[in-house]
Each structure stands twice: as structure tokens, then as C-alpha cells.
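Participant: Protein chains in written order, with this note's numbering: chain S, 275 to 339; chain R, 897 to 1411.
Please keep in mind that the hints were generated in silico from the structure rather than gathered at the bench. Hints are not guaranteed to be accurate.
Stated by the list, open to error - Here are some chain S residues pointing at chain R (derived, C-beta under 7 Å):
{"id": "1", "residue": "Ala326"}
{"id": "2", "residue": "Glu327"}
{"id": "3", "residue": "Lys336"}
Unchecked claim - Straight-line C-alpha distance at most 30 Å; calculated DSBU-like pairs for lysine-lysine:
{"id": "4", "chain 1": "R", "residue 1": "Lys1300", "chain 2": "S", "residue 2": "Lys336"}
{"id": "5", "chain 1": "S", "residue 1": "Lys336", "chain 2": "R", "residue 2": "Lys1047"}
{"id": "6", "chain 1": "R", "residue 1": "Lys1119", "chain 2": "S", "residue 2": "Lys336"}
{"id": "7", "chain 1": "R", "residue 1": "Lys1300", "chain 2": "R", "residue 2": "Lys1119"}
{"id": "8", "chain 1": "S", "residue 1": "Lys331", "chain 2": "R", "residue 2": "Lys1300"}
{"id": "9", "chain 1": "S", "residue 1": "Lys331", "chain 2": "R", "residue 2": "Lys1047"}
{"id": "10", "chain 1": "S", "residue 1": "Lys331", "chain 2": "R", "residue 2": "Lys1119"}
{"id": "11", "chain 1": "R", "residue 1": "Lys1047", "chain 2": "R", "residue 2": "Lys1119"}
Keep in mind the model is a prediction, meaning the values are calculated, not measured. Where is the CB? At the ideal position from N, CA and C, for every residue including glycine.
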Amino acid sequence: MPQRESAEQRRSSREDVVDEEVVHSAESAPAELDAEVDSILDEIDSVLEENAEDFVKSFVQKGGQ
Amino acid sequence: MSVHRVMGIETEYGITVPGHPTMNAMVSSSQIVNSYGQFVARGQRTKAHWDYDVESPLRDARGFDMTRADADPSQLTDEDTGMANVILTNGARLYVDHAHPEYSTPEVTNPRDAVLWDRAGVRVMERAMELAAQIPHAPPIVLYKNNTDNKGASYGCHENYLMQRATPFADIVRHLVPFFITRQVFTGSGRLGIGQDGRTSAFQLTQRADFFEVEVGLETTLKRPIINTRDEPHADPERFRRLHVIVGDANLSDKATYLKLGTTAIVLSMIEAGFPGTRDWWPARPVAEMHAVSHDPSLAHRIELADGGRLTALDIQRGIHEQAVAFCAREQAGPQDPMTIDVLDQWGRVLDALAADPSTLARELDWVAKRSLMEGYVRRDGLGWDSPRLQAIDLQYADIRREKGLAARLEQRGLLDRMFTDDEVERAMHQPPSDTRAYFRGECMRRYAESVAAASWDSVVFDVPGYDSLLRVPTLEPLRGTRSHVGDLLEDAPDVATLMERLGAQPPRRSGAAR
């Protein structure tokens, strides 16, 4: 979890791409995050409703509070 | 000042019957509620209805009552429509409201317990779905913990907070409107679609923002107000009001729910103390700014204030957080309670992270988690933001089935933080909190369900053999009827008749409590 200091540091280094990468690598590097996301996407592919268009179209609710 | 006060969450779930788009949602919702009701009754005869005698949904916090003739029929929730209703042994209420199954948590005293009993509600709904699927010839029902169908309909997740009656309502409005508009940056569950019918394919922070049309009002189903004035305290009305908060999203993430209730409780205690801050953050156009903040996931939008200033939602949240920290330090000379400190710390940390790089909060905030999934699909499959596949992800994120729901899958992967184990949640499906009147209500349902004729937040009504009238036990004090108050009484009574006598009922075959 980012501490207050590291958040400040990151904010001030926003335009400095090199610095930003250094700070990022202290947590999760973007490439690592992408790999993590890709692996969850593969899992989600297997549970996602097969016909997305029909599924979305048929999701109709009555209004509530 | 603290996060501790009587509070609760009520959630209306989205409901579909796949393959049967014309199925009547009220019938399906009743199947959900009744299936669970029969399951918890385990073949026993139960007859507990909701006791509507003490509800007054048309009372307005501004000090006047609406007349029935002026009210839209959908506001008349206290007329028993014969709809399904179950009072659970954990003190919660499971029922049908406006064509949606709804779960109201038992009254709790802090945001952590609110998360636990809200999670228990998700499991109750999931179990109810499984049970309803066993009805012969009934097609399976699927429930969603979200707030819109993206076609113009919305349904709510309401928070309730008990407040001091002495606090002027105008103060509540003045300080809560800026807070509610800006807390969206961490309370949002994310939505693909802008406008009530989702006509523009873009991502926004919240499910609910576009459905709010006025600043202050009594309605909850039309012309929804940022501050709802419904004033049914379910407690001594001379001393308390119940603040009914309707602006929030239904959250899947524990942390989002925890922060939503924790930060709001802190702000309410500041308002009760006179909000010792100098800055007034009243927006020039509150409703338009609520929409604008939600529509800008970059968090760069500047809110135009009535005093001419222009600040981002994060600026205002940081200002309120700083005031809260200062207020807390001044208010409490001695050691502060750990949960208040934790909420203050996490609130500040989340604001810092949102300012630096929101994607670092993917395991804590729903909108960030949902958006990162969508961005993954955009990147991997080259999808456009108007793709039905992304809209399906928006909906399926909130599917409460553990094998199909995307938030549930993220949790199983350890990619979305949880605050409680499965065992803790399972226990909370059946056990009430020990420190509110929900303990008495829940324990009465567990021990004497066959003798409970009706119950509500502020009463339990018994039908005891031998008595020629029903016996109503009022529970108007939310912090009485706790385990320390009535635990021994319940434990020592061999049967319900003895319990009634020890609670002061006249002996049988004489007139009991008035009814």
C-alpha cells in the first residue's frame, strides 16, 4: 500500500517517465499487471455469457427506489 | 467523534430469468424470498408478517407530512400488499420491494459490522437463488448486486444512519451535498454508459449519479434527490432522526462499503458537533456537478463552487479529510478508538492513491477493478467502448453467483480484497449482531418463530397460546435488546409464555397488550 510520502513522490514525478517507472516497480510493474489481467481475462472468457449482445439486450429491470 | 453509530444498509437486487424475458419480476422476486423463508423455517409453521403499524414513510424531515392524495402509489410502502416478507434469525429483513428482492441488514453499530451483515445478505440471496431453482418447472433466476439496467431503470442501495434530532436539517444538507457529490471517487461501482438509458458508450464512476434530478426531496423512485428527507426514525422521534441516504451505489468490494459508511459516519458526527470548518464547499449547481464528477474517471473535473472557486472532487475530499483529522485530534484528548483511526487512515491513503494513480486501487475500489477488466479486453481484443462484450462485463461484474460473478472471481483469485472469511459471512447469515435490538429480534426468530406473529424494526409481536390477544413488545431503543440486556432473560426462559410474563405481560386469558 502506498504511503503518503510515496504518493507525493509519484505525483511530483508524473511528467518524469523514468522516475515514474522506478516508483512503479516498487509495487507492480505495468507489464506484470498486464500479465495478471490477461490471466484473469482467460478465466473470465470461460464464464462470460456466450451471446453478449442478447444477454445485454435482455437485461431489463423495473424501476425501484 | 467516531465511526460508531447505529446504521444499516438496504439493497434492492437486479433480477432476471434467463430465456424468459417476459417473466413477471414481482413473481420471481416472491419466489426468491419465499424459497428462503421456507428453507429457514425448516417445515415449521411461521407466520411472521412485517408490522407496519409504526411505519410512516410520508413523514418529511423538514417538518410536515405529505397527504396520501399527493403521494405517488409507489411511495406507499406501509400498505401491506401481501408481498413476501421474511424476518431472519440474524435480525435482517428479506422481502419484495418494487419488483426487486431486497435485503435490509440488521441494525449495526459500526461500518465493519455493516460490511459483514451486507455480505451475509449477498449469501442469503445466492442461497435463495439455489433454493428457488428447485421449484418444479421454475426456470432459474439470477440476481445482480447493481443499480441499473442501463436502459432507464434504477433501483437502490440505501444507507441509514441514526442522528441526533437536535441537529438542524439545514446543516445536514449544507455539509452533506458537497460530501456526497465528491465521495463518488471511492464509492462508485463503475458503469459503462452515460445518461439514464446509457445512450453514450463511455465509462463513468457510478451506477446511480445519472438518476438524481433534484437537491432535496422526499421521493425515492422518481425525481430522486441527493438528500432524501424521508424521516422515519424507528426510534424515539423526539431524540433521533434516521438519515436515509439514497445516492450510493451497491458495492461488491468490502473496502468500498467500509469506506462509504465509515467516512459518512465521521462527517455526520462533525455535522452534529457543528462542523468546525471554515470552508464552504457548496457547488453552484449540485445536481449537474454530481453527474459531471461521475462522468470523469480521470478525476480532473473542476466543480464550480457557489463562492466562485473551482476545485476537483479530490480537492474537496482532501479538505474534508483534513478537517476530520484536525477535528478528531482536537475532540479526543485520550486514545481514539481503533476503527475510527483506521477509517481516517484508509480514507487519506485512498485519496492519495487516487491522485497519484487510481489503478493501484484495483483490489479495493469497484470502479477501478471493473474498469481495469474492461481496459484489459480493449487492449487484448481491440474492443471499442461500445462493444456489447464490455457491457456484458459491466453487468456480470455484479452477478452474485460465485462461479459466474466477475467480482466474485476476482476475490477468489485474490485480486479483490475481502475483509471477512467465508465462515464469518456464513455465521452472519444466521446470527444477529450482539449490540443492537437486532439481537432480540433475531433471537426471538431463532427460538420462537412459530409464536412471532409480526415484527418490524421497532417491535416484535407475539401470538402466544392462552392469550386472547397478540402481545407487542416495543423495541423503540436501537441500543436496547442487546445480548448484555436480554441475553440472560432469553436464555433462562424455558418457553415463550414465560418470556412474555417476564417481559411484563398479564397472565393468560386476561387482556394482554393493546392490539
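Participant: All the hints need checking, so say for each whether the structure fits it.
Facilitator: Here is what the structure says about each hint:
1. Ala326: holds, 4 Å
2. Glu327: holds, 4 Å
3. Lys336: With a minimum Cβ separation of about 4 Å from chain R (threshold 7 Å), the hint on Lys336 of chain S holds.
4. R:Lys1300 x S:Lys336: Satisfied, since the Cα-Cα distance of roughly 23 Å is no more than 30 Å.
5. S:Lys336 x R:Lys1047: holds, 10 Å
6. R:Lys1119 x S:Lys336: Satisfied, since the Cα-Cα distance of roughly 16 Å is no more than 30 Å.
7. R:Lys1300 x R:Lys1119: violated, 34 Å
8. S:Lys331 x R:Lys1300: Within the cut-off at roughly 19 Å; holds.
9. S:Lys331 x R:Lys1047: holds, 9 Å
10. S:Lys331 x R:Lys1119: holds, 26 Å
11. R:Lys1047 x R:Lys1119: Given pair Lys1047 of chain R, Lys1119 of chain R holds - Cα atoms ~17 Å apart, limit 30 Å.
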